[in-house]
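Residue numbers (our numbering), protein chains in the order written: chain A, 1 to 110; chain B, 1001 to 1115.
The set of hints was computed from the structure by calculation and includes no laboratory data.
Values in this document were obtained by computation on a predicted structure and should not be read as measured data.
From the three backbone atoms N, C-alpha and C, an ideal C-beta is built for every residue, glycine too.
Keep in mind that the hints are not guaranteed to be accurate.
[As the list claims (entries may be wrong)] Stretch-level coverage of chain A by chain B, calculated; a stretch enters the list once three of its residues show a Cβ under 8 Å from a Cβ in chain B:
(1) 38-46
(2) 93-105
[Stated by the list, open to error] A few chain A residues facing chain B, derived, Cβ under 8 Å:
(3) Y49
(4) V51
(5) L82
(6) S86
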Amino acid sequence: SQTIHQWPATLVQPVGSPLSLECTVEGTSNPNLYWYRQAAGRGLQLLFYSVGIGQISSEVPQNLSASRPQDRQFILSSKKLLLSDSGFYLCAWSRTYTQYFGPGTRLTVL
Amino acid sequence: KQEVTQIPAALSVPEGENLVLNCSFTDSAIYNLQWFRQDPGKGLTSLLLIQSSQREQTSGRLNASLDKSSGRSTLYIAASQPGDSATYLCAAGVDSGAGSYQLTFGKGTKLSVIP
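Using the sequences plus the hints, can you model the full thing?
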């Protein structure tokens, strides 16, 4: 069966510090991968998606970036965090027309 | 651009009551419609997926319907239980044509079932 992992589970970072969130998928190959952000009072916002290694599409321009160094690994990064980057970050994968979500990372920027 | 709206934003019902959650979407050119459950501080759990060619799907006490022409979907929960308390999210799925399947989410309905 397939499993999706995210870490860390929670993170508190000062403004201006760098960020690296990791997502890995087990039990499948060549999945489509997605990063979403869920901010307080707002719906889930698609940030990035990837259909293969090194292929990243950005949905929302911002100070975040994503990379896919391996088939089942997806990384969300920032060089300098903003207060507005606080939120709940969710990774998801799909092979066909269903998405499966990870447990999420709660990021608080102070 | 697809927009998904969920009404009501919050709902409180006594245990045992049947209830309906509503979802509307602006672009009927969807591939499918998914309903998810989210517990506080947790990820999303898929409940039901309705293909665009289908009218409804059932799983246990849950029944989801889809009317593409009117841009609406409903999630019916029968005989509600306190364990059903969670936020329910509706998402419209589209084939982006770039080899990727994308979801547009509503803001969710927060359900509280009172014992």
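Each hint, compared with the structure:
no.	hint	verdict
1	38-46	holds (count 5)
2	93-105	holds (count 10)
3	Y49	holds, 5 Å
4	V51	holds, 4 Å
5	L82	violated, 22 Å
6	S86	violated, 14 Å
Checked against the numbered hints above, the structure breaks hints 5 and 6 and satisfies the rest.
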